[in-house]
Amino acid sequence: MRPLEHARLAWRSIRGHKLRSALTTLGVIIGIAAVIAFVTLGASLQAGIVGDISPDDQRNLYGWAAEPETEGGPLAGAQPVVSQDDLEEIEEFDEVSAAYGYATVPTQAVSDGDEQVALGDGLVATGPSYVREGELAEGRSFEAGEREAVLNPAAAEQFEENVTVGDELVVTTVGGGQTTVDVVGITATSEGLSPFEGFEASPRIYVPTDPYYAEGAAGIGFGDGLGGDPGSGSEAEPTDDLRYLAVVVEAQSAEEADVDAARDRAVEYLESEEADASEFVGGGEDLEVTFQTSTELLQQLQDILELLQNFIVGIAAISLLVGSIGIANIMLVSVTERTREIGIMKAVGAQNREVLGLFLAEAVILGVVGAVLGTALGLLAGYLGALYVDLPLVYPLEYVALAILVGILVGVLSGLYPAWRAARTDPIDALRYE
Amino acid sequence: MASSDVAVSLENVHKTYRLAEPVYALDGVSLEVPRGSYTAIMGPSGSGKSTLMNLVGCLDTPTEGVVVVDGRDVTALDGSERTALRGEQVGFVFQTFNLMPRLSALENVALPQLFLGVGRAERRERARELLERVGLGDRTDHLPNELSGGQRQRVALARALVNDPALVLADEPSGNLDTETEADVLDLFAEFHDAGTTMVVVTHERHVAERAERIVHLLDGRIERIEELEGVGEPARPDPASGSRPGSAVEPKGADSDDKTRAEDEHE
Ligand SMILES: Nc1ncnc2c1ncn2[C@@H]1O[C@H](COP(=O)(O)OP(=O)(O)OP(=O)(O)O)[C@@H](O)[C@H]1O
Ligand SMILES: [Mg+2]
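Chain order of the listed sequences is R and L. Numbering-wise (our numbering), the first sequence opens with residue 193 and increments by one. Numbering-wise (our numbering), the second sequence opens with residue 176 and increments by one.
The reader is advised that the hints may include incorrect statements.
Said to hold, decoys possible - To give an idea of the chain L side of the interface with chain R (calculated C-beta under 10 angstroms), a few residues:
| id | residue |
| --- | --- |
| 1 | Asn229 |
| 2 | Leu234 |
| 3 | Leu289 |
Stated by the list, open to error - Pair ranges (Cβ atoms, derived):
| id | chain 1 | residue 1 | chain 2 | residue 2 | range |
| --- | --- | --- | --- | --- | --- |
| 4 | L | Pro276 | R | Tyr587 | 42 to 48 angstroms |
| 5 | R | Gly506 | L | Asp339 | 35 to 41 angstroms |
| 6 | R | Arg545 | L | Ala296 | 48 to 54 angstroms |
| 7 | L | Pro276 | R | Ile507 | 49 to 55 angstroms |
| 8 | R | Glu498 | L | Leu318 | 51 to 57 angstroms |
| 9 | R | Val604 | L | Asp339 | 52 to 58 angstroms |
Read the hints as simulated data drawn from the structure, not as lab findings. Bear in mind the structure is a predicted one, so any value in this text is a computation, not a measurement. Idealized CB from N, CA, C, for every residue including glycine.
The following block holds chain R by itself, in its conformation from the complex (with noise of 0.2 angstroms):
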């Protein structure tokens, strides 16, 4: 007796319970398609993220203090200790070719004219040289100091006319005072040029810290140019106390050795008495400062990625083995039911073997019908997620052929006990059987 004849019999009698092989398969179905679906988003954001990092980022240290130990990505737990004047104090450093902050300043509008948009978290007061000359596709970097700044194409997008280099914006803050900007340079990438962004498209304004930040962080809003209350204006002077939560370092080059040399200075210095920081980290105190590449930094949000995907796996074994259960459960009902009809085929000569391949087959036609829809399941809701999330695509192939082999397994696994049971059926109390 062949294979096919095998599954040929397997699956007529699989059709002739049809909902109940349907619900039997579910919980195959379900764990397949969660691990599928997860793999999948996984691949994507892990694709999204690594196609984003530029070769010039490599040079940037990306650093903040946190209490030790603590998990998560890039400024997890992050506490503003690090000052204007520190950053200064480290750029002059040899090792180090630019030391600036970075500090998103919450806004209510932007508007070019009369039109008015709404930017929300997505003016970013930093360094000029944090909008690298690669980035740009118009113009250039803002310059410190200066009312400048350099838009990506989402937020440009966000007019009716396209914002060019030339233009002139008002930014109102949270405060509710504004201030005019004008368009210096437009990225060429709406994604996030720096881990501390995160990586997906968003509309965002680049402006330098002085004196946005200091305007910004003060609460008082923009208090120039713009008939605002002029006085206010010199109470946002940036001061001492001025503390920037996220600093960006950039080392001589991307070479590994300059790279940890800027990043030991720029700690030792922290850490050292003269820094403001000072009184926050190093020594007795309890905050600690971390200065890492995009690369390191998305090696730890890979293994929170790898992480959680363990943990779906986990969750999804859990469930195939739910599944296991519930089609060897169906099985050994189904083994018990047709105990007469063993007996007969096993009158008419059928070997122990056959009827075991018999039901062998019946399980893993189950075990891989699931795996294959479960597969398609989560091939449909990983790309769903990725499309929600708006990563590139990316099929884990491998993967779907794994969870083929896992469908026959479990079916292989689930059957052999019932198949079993009914290959030792002796045909004489099989058919006496009622």
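Using the hints provided, position chain L with the ligands relative to the given structure of chain R.
Coordinates of chain L with the ligands only, in the frame set by chain R:
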């Protein structure tokens, strides 16, 4: 009688069911069934007819004694060898038809050949042919529960014959048939018998038994007597009052004459 002329031989066969009280379903049965012969088995309900058939059909093994089918000692075979022997040599028509409920008439008939490894097309053709022979050419795609009792019986019959078995065992094959269909079935038996198949038929009905060459009477798990008949294969005759021949009743083994020389088995 040379052993190659014997299709089935039983020697002092016992079948005992150990329940609260032991049930002696067969209690010392010795019998030789010559190749190509036609034997009827009669006896009251519970006398052990089905038990005997199961033993001869290699479905069951005796508690004691020897069963030899086609020259092979069934008691010495393991389950899989018995199955193989059964599949190749024996066609079984059960008292309860024992059809596969989810398979069509055609598939039921083709089933034994499936386990012999016969190809699908060939199987189906052979099954169709047999169904036509039992008058069910127009019911091939019906499921058992879409057939009448007599039709099911005929499907079971066709299935028993599909492998061209050397030995056909039928347990009350005509129990559910009207006289006309019954006659058809018995004619088919005669036809197979004429072609050299060894037939063993259990029946309660005298006129069915009389189509055979001899009648084995069972009572309480023993052979009461063996009745040799003349006019083999003829339709029913008036009941011969006693029917038994002297000397054949008590010691049945070897009692049958060697004049039936339908020795060559065409179905190896
Ligand atoms: N599995 C079993 N367990 C216990 N006793 C059994 C079993 N099978 C058969 N018997 C007993 O063996 C005896 C013979 O049974 P068998 O089925 O051979 O009778 P039978 O001659 O075929 O009867 P019928 O004409 O009603 O079919 C009966 O008394 C029955 O109760
Ligand atoms: Mg019986």
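Query raised in the report: Does the nearest C-beta of chain R fall within a distance shorter than 10 angstroms of the C-beta of leucine 289 (chain L)?
Result: holds, 6 angstroms
Query raised in the report: valine 604 (chain R) and aspartate 339 (chain L), beta-carbon distance inside 52 to 58 angstroms?
Result: Hint violated: Cβ distance 37 angstroms, outside 52 to 58 angstroms.
Query raised in the report: Honestly, do glutamate 498 (chain R) and leucine 318 (chain L) meet the 51 to 57 angstroms range at C-beta?
Result: holds, 54 angstroms
Query - Hinted contact leucine 234 (chain L) with chain R - closest CB pair below 10 angstroms - result: holds, 5 angstroms
Query raised in the report: Holds or violated: is the Cβ of asparagine 229 (chain L) closer than 10 angstroms to a Cβ in chain R?
Result: holds, 6 angstroms
Query - Beta-carbon spacing of glycine 506 (chain R) to aspartate 339 (chain L) - inside the hinted bounds 35 to 41 angstroms or not - result: violated, 58 angstroms
Query raised in the report: Between proline 276 (chain L) and isoleucine 507 (chain R), does the beta-carbon spacing fit 49 to 55 angstroms?
Result: Roughly 40 angstroms apart at Cβ, these two residues miss the hinted range, so it is violated.
Report task. Take the C-beta atom of proline 276 (chain L) and the C-beta atom of tyrosine 587 (chain R), compute their distance, and say whether it sits inside 42 to 48 angstroms. Result -> holds, 44 angstroms
Query - Whether the CB-CB distance between arginine 545 (chain R) and alanine 296 (chain L) falls inside 48 to 54 angstroms - result: Given a distance of about 24 angstroms, which is not inside 48 to 54 angstroms, the answer is violated.
Checked against the numbered hints given earlier, this structure breaks hints 5, 6, 7 and 9; the rest are met.
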